Each structure stands twice: as C-alpha cells, then as structure tokens.
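Student: Sequence:
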Amino acid sequence: MTFLDRHLGPRPDEIETMLADLGRDSLDALIDAAVPGSVRRADELTLPGLEEPLDETAALARIRELAAKNTVRAQMIGQGYHETVTPAVLRRNILENPAWYTSYTPYQAEISQGRLEALLNFQNAMMDLTGLDIANASMLDEATSAAEAVLLMHRANRKVKRGVAVLDARLLPQTLQITRGRLDALGLEHRTVDFAAGQSLPEEPVFGVLLTQIGSEGQLIDVAPLIAAAKEAGAMATVACDPLALTLLASPGSLGADAAVGSSQRFGVPLFFGGPHAAFLAVRKGLERSLPGRLVGVSTDSSGRPAYRLALQTREQHIRREKATSNICTAQALLAIVAGAYAVYHGPQGLRRIAEDVHVKAAYLAAGLGAAGLEPVHADFFDTVTVRVPGRADAVLAAAERAGINLRRIDADTLGISVGEPHTWAQLDDVLAAFDAAPDGQPGAGFGREIPAPLARRDEYLTHPVFHRHRSETAMMRYLRELSDKDLALDRTMIPLGSCTMKLNAAAEMEPISWPEFAGIHPLAPAEQTAGWLELIEDLERWLSAITGYAGVSLQPNAGSQGEYAGLLAIRGYHRDRGEEGRDVVLIPASAHGTNAASAALAGLRVVAVATAEDGSILLDDLDAKIGKHREELAGIMITYPSTHGVFEEDVAEVCARVHAAGGQVYLDGANLNALVGLGAPGAFGGDVSHLNLHKTFCIPHGGGGPGVGPLAVAEQLLPYLPGDAAAAGAGHDAAASDSSRTAAGRAQAVSQALFGSAGVLPISWMYIAMMGAQGLREATRTAILNANWLARKLDPLFPVLYTGSGGLVAHECILDLRPLTEASGITAEDVCKRLMDYGFHAPTLAFPVPGTLMVEPTESEDLAELTRFVDAMSAIHAEMTAVAEGRVPAAESALRRAPHTAEALLGADWDRPYTREQAAYPLPALRTGKYWPPVGRIDGTAGDRNLVCECPPISAFDIDAHDDAAQSAAAQED
1 MTFLDRHLGP
11 RPDEIETMLA
21 DLGRDSLDAL
31 IDAAVPGSVR
41 RADELTLPGL
51 EEPLDETAAL
61 ARIRELAAKN
71 TVRAQMIGQG
81 YHETVTPAVL
91 RRNILENPAW
101 YTSYTPYQAE
111 ISQGRLEALL
121 NFQNAMMDLT
131 GLDIANASML
141 DEATSAAEAV
151 LLMHRANRKV
161 KRGVAVLDAR
171 LLPQTLQITR
181 GRLDALGLEH
191 RTVDFAAGQS
201 LPEEPVFGVL
211 LTQIGSEGQL
221 IDVAPLIAAA
231 KEAGAMATVA
241 CDPLALTLLA
251 SPGSLGADAA
261 VGSSQRFGVP
271 LFFGGPHAAF
281 LAVRKGLERS
291 LPGRLVGVST
301 DSSGRPAYRL
311 ALQTREQHIR
321 REKATSNICT
331 AQALLAIVAG
341 AYAVYHGPQG
351 LRRIAEDVHV
361 KAAYLAAGLG
371 AAGLEPVHAD
381 FFDTVTVRVP
391 GRADAVLAAA
401 ERAGINLRRI
411 DADTLGISVG
421 EPHTWAQLDD
431 VLAAFDAAPD
441 GQPGAGFGRE
451 IPAPLARRDE
461 YLTHPVFHRH
471 RSETAMMRYL
481 RELSDKDLAL
491 DRTMIPLGSC
501 TMKLNAAAEM
511 EPISWPEFAG
521 IHPLAPAEQT
531 AGWLELIEDL
541 ERWLSAITGY
551 AGVSLQPNAG
561 SQGEYAGLLA
571 IRGYHRDRGE
581 EGRDVVLIPA
591 SAHGTNAASA
601 ALAGLRVVAV
611 ATAEDGSILL
621 DDLDAKIGKH
631 REELAGIMIT
641 YPSTHGVFEE
651 DVAEVCARVH
661 AAGGQVYLDG
671 ANLNALVGLG
681 APGAFGGDVS
691 HLNLHKTFCI
701 PHGGGGPGVG
711 PLAVAEQLLP
721 YLPGDAAAAG
731 AGHDAAASDS
741 SRTAAGRAQA
751 VSQALFGSAG
761 VLPISWMYIA
771 MMGAQGLREA
781 TRTAILNANW
791 LARKLDPLFP
801 VLYTGSGGLV
811 AHECILDLRP
821 LTEASGITAE
831 DVCKRLMDYG
841 FHAPTLAFPV
851 PGTLMVEPTE
861 SEDLAELTRF
871 VDAMSAIHAE
881 MTAVAEGRVP
891 AAESALRRAP
901 HTAEALLGAD
911 WDRPYTREQA
921 AYPLPALRTG
931 KYWPPVGRID
941 GTAGDRNLVC
951 ECPPISAFDI
961 DAHDDAAQSA
971 AAQED
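975 is the number that UniProt numbering gives the last residue of the sequence shown; the numbers go up by one with no jumps.
Everything labelled a hint here was simulated from the structure, so no lab data went into it. Just so you know, not all the hints are guaranteed correct.
[As the list claims (entries may be wrong)] Straight-line Cα separation of at most 27 Å, DSS-like style, residue types lysine-lysine; simulated pairs:
#: 1; residue 1: Lys486; residue 2: Lys931
#: 2; residue 1: Lys161; residue 2: Lys231
#: 3; residue 1: Lys161; residue 2: Lys285
[What the hints assert, rightly or not] Simulated restraints on C-beta separations:
#: 4; residue 1: Ala892; residue 2: Gln775; range: 51 to 57 Å
#: 5; residue 1: Pro390; residue 2: Pro452; range: 25 to 31 Å
#: 6; residue 1: Pro452; residue 2: Leu719; range: 48 to 54 Å
#: 7; residue 1: Met477; residue 2: Ala33; range: 36 to 42 Å
#: 8; residue 1: Glu189; residue 2: Gly628; range: 30 to 36 Å
#: 9; residue 1: Asp411; residue 2: Gly604; range: 32 to 38 Å
#: 10; residue 1: Ala876; residue 2: Thr942; range: 27 to 33 Å
#: 11; residue 1: Asp863; residue 2: Glu52; range: 55 to 61 Å
#: 12; residue 1: Lys161; residue 2: Asp872; range: 55 to 61 Å
What you are looking at is a predicted structure, and each value in this text was computed from that prediction instead of being measured. For glycine and all other residues, C-beta sits at the position ideal for the given N, C-alpha and C.
Work out the full structure, taking the sequences as your base and the hints as a guide.
Tutor: And the structure:
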C-alpha cells in the first residue's frame with residue numbers, strides 16, 4: 001500500500017457507500033458541486049523537485065540524506081540556546097509518544113487532566129525559580145515573551161500611562177529586536193539604555209523597564225538597584241532570566257521584580273535549530289488577569305475533589321477580539337511538558353547539581369584562559385565566558401571547529417564560550433587548545449567561583465512533593481503513564497474539532513525530529529554546518545508556494561497567530577513604502593476567528609467589522625459601505641476561506657476584487673486550507689498574503705496546545721516584507737545562509753526570535769508532503785470534504801446543519817445547531833460535550849463561531865467505522881435530550897447534566913439518580929470494549945476563577961495513601 005492509502009481513513013468501498021448516501025455518482029461529482037469554480041485551480045498542482053510521491057522507506061532514506069548534510073558539533077555558541085540532555089525516559093514517553101503529541105489544547109478539562117497536571121508542574125517550577133506568584137503555561141519563545149511582558153507593564157502600570165519603555169542594552173540581540181518591533185508597531189516609544197556604561201533612566205516618564213540578569217556576553221548583573229530605581233521612578237520592572245541559573249542566583253521576585261521572562265529550553269528540550277522551545281512569563285500577585293497566554297488553575301469537580309482546568313482568559317481572543325491582551329492562541333505545551341517533567345525528574349538538588357557543574361566548567365575555562373594571559377571580559381558569570389583575542393577571533397573559531405566545537409563570534413577580537421549540560425572536560429580542554437591555552441589545574445577541582453553574595457540565591461525552591469517523588473526511571477515512567485492514561489488524545493479516538501484539523505500524525509513523519517542531525521543543531525551554527533536544514537527548508541518553501549499560488553514563503557512565524565501578525569505587518573510595510581502611511585483600517589468579518597482582530601490591533605491597525613448574512617457569507621452591501629467610508633485609509637481585509645462557518649463562499653473573488661479596487665490588500669487566513677489543497681490556491685483567486693497552519697493542514701501535531709507553525713505566504717509585491725532575522729545584530733553568523741531562502745532576505749521586522757521559527761518540527765511536514773505528492777494532497781482534501789459532508793448528512797436530521805453552500809453541501813466542517821433542542825430541554829451544548837466523554841469522544845468545537853452550536857471537522861484520516869461511531873453517539877445523545885424535552889427525565893438529574901461519569905461515582909454505595917449505572921457508563925454496547933473512564937467529574941470553572949490557585953495543590957488534597965506518604969518521607973530524607 002502507498003502512504004496515501006495509510007493516511008486516508010475510508011477504504012474504496014466505504015467511499016462508494018458514503019457517496020451513495022450523499023446521492024453522488026463519484027467523488028469528482030461531489031467536489032464539483034461543493035467547491036465553486038471561481039476558486040478552483042486552472043492547472044494541476046505540481047511540486048518542484050517532487051515528480052512522484054515517495055513511499056515511507058524512500059522518504060526516510062531521502063530525509064536521512066538531508067540530515068547527513070548537517071554537521072553535529074558541540075554547541076558552545078549560547079546566545080539564548082544551550083545544549084542540554086533530554087533524559088531518554090522523557091524523550092521516549094513524552095516527545096515520541098502519541099498519547100502526548102496527538103492531544104489537543106485542554107479546553108475540555110475533564111479529559112485533559114494528565115496534560116493539565118504536567119503543565120501545572122511547569123508553571124510551578126517557573127514560579128518557584130523566579131520567586132513570583134503566577135506563571136503561565138508557556139509562551140512561544142523568550143523574545144516574544146519579553147515583548148509581551150513589556151506590553152503587560154504598559155497595560156498594568158496605573159501610575160504612568162503615557163511613558164516610554166526602557167530596554168537594557170545587555171539583553172540578547174533577538175530580545176531587543178523583537179521587543180522594539182512590537183513597540184514600534186503600536187506606536188509606543190522606547191529607549192535602549194546602556195546601564196553598564198553608567199547610563200541611567202531617562203528624565204521622561206517610564207512605564208516599564210526590561211532588564212536582564214545575565215547579559216548577552218554572559219556577565220552576571222546586579223539588577224536589584226536597577227529595579228529599585230525603576231520603582232522610584234514609578235515604573236514596573238521585568239527581568240529576563242535563565243531558570244537553570246536561578247538555582248544559584250537570587251530570584252527576580254525576591255529582588256522586587258514585577259515579572260520575569262525566559263526560556264526553559266535547557267530543561268531537556270533539544271536545540272531544534274532554534275525551536276520549538278517553551279518560554280515562560282511569571283508575574284507578581286495582582287497581575288494575573290493581565291497575563292497573556294494560557295494559565296492552568298486548580299478547581300474542584302462535582303464530587304469536591306481537586307481538578308485542573310484552564311483558568312481566566314481561556315479563549316480571550318474570541319471574547320474581546322481587538323481588545324484582547326494578546327493574539328496568542330497556540331502555546332508550546334508539549335515542550336513545556338518536557339521541561340516540567342525534566343524538573344520533576346531531577347528535582348531541586350538535581351537541577352542545582354547540573355547548574356553547579358556548568359558553572360564549575362565555565363570557571364575552569366576562565367582559569368585556563370587567564371593563565372594564558374587571556375583574562376575574561378567579565379569577572380562574574382554563570383555559564384558563559386567572553387574573552388578578547390585581538391585579531392585572532394576567526395583563527396580561534398576555526399581551530400575550535402576543527403576540534404568539533406562551535407563558539408560564538410562576537411566580533412573580530414572577541415569570542416564567547418557557553419557551557420552546557422553535556423559538555424565534557426575533554427571538550428573544554430579542546431577549547432583551551434584552540435586558544436593556545438592549557439588547563440590551569442585538574443578538571444573538577446577548585447574551580448567553583450562563588451556567586452557574589454548580592455547575586456546568590458538563599459531561599460528554597462521546588463519544595464512540592466511532585467519534585468521529590470520520581471527519582472528512579474521506573475517511578476518516572478509510571479508517573480508519565482499515569483498522566484497520559486487520564487487523557488483522551490488522537491491515539492484513542494477521533495477528535496472532531498472544527499477549524500482544528502486533528503488528522504493523522506504518521507509515525508514516519510514524526511521519526512526524524514529527534515535525530516541528532518536535526519535536533520542537535522544550533523540556529524546560529526555556520527551555514528556550511530546546516531546545509532541539510534537549509535535544503536529541507538528550501539523544499540518546504542517551494543512546495544508551499546506551489547500549493548498556495550504565492551511568490552514566496554517565510555517559515556519563521558511559530559504559531560498561526562504570529563503568521564497573522566507577520567502578514568499584517570507586511571501589508572503595513574507595503575503601504576508605508578508607497579507613501580500611504582494613513583492606510584491603517586483592516587476590514588474583518590464579524591464571524592472571523594478572534595485572533596484576526598487581536599493580531600490586527602497588535603500590528604497597529606484599526607479594526608472595522610463587516611456584517612455577515614444568515615448563511616455566514618460576507619454581506620456585500622455592508623462591505624461596499626465600509627469600503628466607501630474608509631476608502632482612503634483602507635489597508636486591507638482579512639478573510640478566512642473556506643469561511644469560519646465551514647462553507648465555500650461563492651463570491652470570494654468578487655470580495656477580493658472590490659478591496660483591490662479601493663487600494664487595499666487581501667489577507668486570506670489559511671486556517672481552513674485543508675479544504676483547498678490541490679483544488680484551489682489562495683494566491684490565484686485574489687489573495688495577497690496568507691498564513692498557513694502546518695500544525696493543522698500539514699500534519700504537525702497539536703501537542704496538547706503547541707507547538708504550532710504558521711508560515712507566511714505572500715504575493716510578489718510583498719516579498720520584501722517577509723520577516724527578517726531578529727538575531728542578525730551581533731549574531732556573528734551568516735543570516736543569508738541560503739540564497740534561495742527569501743526568509744533571510746526580508747527586510748521587515750522579525751516576529752519570532754529564531755530565523756526559521758519552530759524549525760525542529762518542519763521535518764514532519766516535509767515528510768507528509770514528500771510521501772503524499774501533489775495528487776495525494778489533492779485526494780486528502782477531497783476525502784476531507786467527503787467525510788464532512790457525510791457526517792453533515794447523517795447528523796442534520798438530529799441537529800440541523802446551520803450553514804451550507806450551494807447544493808446543501810459544506811466544505812471540510814459543519815456547524816450543528818443544538819439551540820432548538822436546548823430551548824426545549826434546557827440541555828446545553830456544553831452538557832453534550834461532557835456527555836460525549838462517557839461515549840469515549842473528545843467534543844467538537846463548542847460555541848464557536850455561533851453560541852449554542854458544535855462545529856465538527858472529521859478530517860480525511862477517519863474511516864467509516866469511526867465516523868459511524870460518532871453518529872451513533874450523537875444519535876444516542878439526541879435521544880437523551882429528547883427524553884428531557886418531553887419531561888420524562890428532569891434536566892438537572894439527567895445523565896447529560898451529571899456527565900461525565902467517573903468510575904468512582906459509579907462504584908459508590910449510594911446511587912440516587914433517575915438513570916441506571918449502566919446507562920451512565922455504557923450508553924452504547926460497543927463501549928464495553930476499551931472503555932475510557934474520565935478521571936474527574938464535571939469541573940466547577942466559576943469557583944476556579946473566583947479562587948485562583950495556579951500552583952500544585954497540597955499533596956494531602958489528593959488523599960495520597962500510606963505508600964505514597966512513605967515514598968514522600970524517603971524522598972525527603974534522600975534530599
């Protein structure tokens with residue numbers, strides 16, 4: 001069988017059955033009826049350099065060839081990226097485990113208790129290490145986290161409303177560039193201050209100061225007086241920090257900081273050529289409601305037991321739109337889970353030992369260099385030694401490379417050496433030899449420089465028992481299994497989420513991402529060492545350009561929201577360079593995804609809503625009215641196609657033409673591209689720019705809420721506005737490493753800190769496209785449309801499909817209207833979501849884009865048996881709702897309202913409900929085999945928000961038995 005046969009769910013005979021149910025003679029006939037001719041490709045899709053699809057064996061062999069073109073070195077470049085060790089138990093049981101990487105964002109908390117607990121561990125670790133009260137469940141990268149922190153200070157500072165931001169000149173280059181860009185887009189003023197040179201805060205009002213505890217050259221910085229000066233001036237203070245160093249350094253919270261940011265990459269997450277890596281943002285109490293990103297909180301379930309959920313602004317962008325605090329939709333959940341598990345596995349003593357080892361080795365280098373007359377530039381450091389070698393930097397760099405080691409070139413006279421967890425004494429001696437220096441003493445003896453007293457940590461951290469109980473690999477393996485067993489992921493069941501495209505993430509696609517030749521490459525390594533990466537990236541850029549019909553692609557945006565933001569910055573830059581700075585209005589349909597409006601606001605654009613008709617399509621009369629009103633200030637329009645309602649709008653080309661006629665650009669949101677690949681190209685029917693979701697359409701898994709990749713595809717006129725390189729200033733590397741890579745050539749503001757964003761997961765999409773080929777991609781799209789229409793046809797008699805296109809057909813998803821039956825029964829769409837857990841299903845998308853509805857997307861990877869199982873579940877739920885509507889069962893006491901049902905509840909001595917235990921647990925006979933048991937009952941979300949707790953709860957709250965108490969006691973004695 002071909003890979004296409006493995007990827008598609010329905011077998012040929014099942015396709016015939018489904019087409020017959022739809023009254024269609026062929027799949028061609030269905031597609032011709034569903035997809036408007038105005039958006040269809042005029043030619044067949046071809047992929048440059050890929051005449052035929054590769055089978056799994058051939059694709060793995062080819063990507064092995066690409067991997068072999070990368071050169072693995074000991075990476076001592078630093079600059080925000082450090083070598084680390086991923087414990088095999090974490091790599092095997094999290095990173096390479098579909099129970100973790102195929103799970104969805106934990107919006108349905110009852111079936112997400114495992115990943116929520118793992119994310120809470122991450123939050124708790126970052127809170128403890130930073131000494132602050134609340135930390136979120138990850139950010140996209142350190143630089144954007146710093147930028148978000150500055151914007152948070154601007155929102156939250158009630159003393160200074162119209163001041164400037166002050167940025168420490170010693171921040172990492174990428175942090176400075178990203179933060180400046182975010183502030184510039186919003187018209188907020190900023191000043192970069194060189195505190196090391198004696199400069200002080202400016203005379204003008206300052207709303208926030210962004211400091212760094214470790215400078216870009218590795219120097220330790222006493223930030224306490226700077227924080228005090230900021231507070232004296234009425235400003236807030238954020239500190240960029242390294243969580244591993246914080247085991248030795250005073251926490252930002254203890255020094256008076258309001259917030260702290262950083263990357264958890266060195267907590268067991270590979271370099272991945274720049275990402276994905278989980279950053280963090282921690283804040284003091286009182287700022288939690290301004291915190292961007294996701295926040296895991298502790299609440300209680302229907303039995304009163306502790307349970308986890310996403311707290312506060314769970315889907316803030318959909319609620320507040322352009323007034324949202326950020327546009328972040330995807331986080332880095334999978335990588336945060338790895339980092340949190342790394343902290344659990346090592347515990348406070350283990351992390352401190354790693355930090356001390358790194359520090360001792362850096363001191364060993366400093367001593368050897370000093371003995372050779374090469375005194376480090378900075379006397380106080382943690383892991384990075386900066387040294388001047390007048391006129392010799394390139395020669396030393398080359399000598400180190402010959403020894404298999406990469407150093408950082410700061411300039412022709414200066415080099416940086418950053419020590420990581422896996423670096424050996426022998427490698428350190430090789431580094432010294434490259435400088436013509438020799439060891440000054442025996443390795444490991446007497447090199448531990450004391451951290452200066454004002455900078456040293458004195459308080460404890462990671463005191464919760466979870467960071468003390470899993471020292472052996474056996475214990476850790478079982479803990480990870482316990483957590484994953486609580487979750488419902490794609491490895492167990494279809495996840496029919498509209499607009500989220502939870503399709504197969506094939507094992508062959510996933511396999512290469514943890515190969516050292518991909519995972520072990522530093523993003524600032526010399527270009528000649530990254531040839532395989534650059535060739536893979538070039539392939540993807542060309543393939544995605546061909547698929548979308550655009551002139552060029554940037555793979556930098558590391559989330560769909562960042563792709564939106566980059567696309568809008570491109571539109572702004574285009575108008576600005578044409579002397580039309582005043583074009584700052586973007587039209588957005590009222591039904592659009594909430595991040596569209598939030599991204600527009602962050603890009604400094606004004607949002608004007610366009611009304612939609614009852615069928616979900618854009619109202620052309622209202623479009624004309626808005627264009628007429630804002631013609632001279634129109635920057636463009638944002639359209640999701642197919643629409644957010646799951647329909648191919650017939651007049652999309654006409655909408656594009658009208659906006660172009662008024663001088664605007666057209667942003668075609670690619671969130672729903674899974675209904676277009678191979679059939680239509682956004683760049684061919686009116687689009688000027690689109691972002692794509694590789695974590696949807698092109699098989700990168702959701703990972704419990706990230707990583708995401710949101711590449712930006714643009715037409716010819718927007719090529720110069722693709723994102724640039726945030727690390728180029730002071731990076732000491734060849735930013736334009738690949739002549740064919742337009743990403744590096746863009747002169748626009750970077751949107752992510754790494755040139756190629758979350759490059760580490762790009763092999764997944766490369767493998768998918770290589771194995772599918774052009775025709776395979778087309779068949780995937782056609783099958784996705786078939787599956788969606790078959791489900792819509794089967795479910796419409798029960799729950800009417802709210803929107804359809806011509807001929808009563810949908811695109812890749814459909815919206816089920818539960819409102820009539822809700823009105824009759826009192827049973828809500830949320831009740832249905834909870835009851836579906838008893839049937840072993842993850843719920844569809846709840847209440848978006850229409851309250852009281854469910855949006856369903858089956859994808860092409862689900863076969864007829866799984867689709868039928870979902871129809872059977874929804875049919876049974878319809879019958880249960882009908883019983884309530886007819887007064888046979890009280891709504892408050894129904895299985896729907898009391899769902900989900902835990903094994904504990906069913907085994908209880910008392911059962912006073914008006915339905916049987918069997919009806920609760922086994923509403924369908926098929927559930928008796930492979931039953932999934934929700935680990936908690938329905939969670940009280942309101943209580944969780946009113947009494948916000950975002951740290952690991954006391955262990956006693958979970959009724960730990962005597963065996964666990966003994967294990968706790970033993971762990972405490974050991975520590």
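Student: Would you mind marking each hint as holding or not holding in the structure?
Tutor: Quick rundown of the hints versus the structure:
1. As the CA atoms of Lys486 and Lys931 are separated by approximately 12 Å, the hinted pair is consistent with the 27 Å bound.
2. Simply put, Lys161 and Lys231 have alpha-carbon atoms about 15 Å apart, close enough for the 27 Å limit, and the pair holds.
3. At most 27 Å may separate the alpha-carbon atoms for a hinted pair to count; Lys161 and Lys285 meet this at roughly 20 Å.
4. For the pair Ala892 and Gln775, the supplied restraint of 51 to 57 Å holds, since their beta-carbon distance comes to about 54 Å.
5. A C-beta distance of roughly 28 Å is found between Pro390 and Pro452, which places it inside the suggested range of 25 to 31 Å.
6. Distance hint check for Pro452 and Leu719: the Cβ-Cβ separation is about 50 Å, which falls inside the suggested range of 48 to 54 Å.
7. For Met477 and Ala33, the Cβ-Cβ distance of about 52 Å falls outside the hinted range of 36 to 42 Å, so the restraint is violated.
8. For Glu189 paired with Gly628, a C-beta distance near 35 Å keeps the hint of 30 to 36 Å intact.
9. Remark: the range hint 32 to 38 Å for Asp411 to Gly604 is upheld by a beta-carbon distance near 35 Å.
10. A beta carbon spacing of about 29 Å between Ala876 and Thr942 agrees with the range 27 to 33 Å that was offered as a hint.
11. At about 26 Å, the beta-carbon gap between Asp863 and Glu52 misses the expected band of 55 to 61 Å.
12. The beta-carbon spacing between Lys161 and Asp872, approximately 58 Å, falls within the hinted interval of 55 to 61 Å.
Hints 7, 11 from the earlier list are contradicted by this structure; the remaining hints agree with it.
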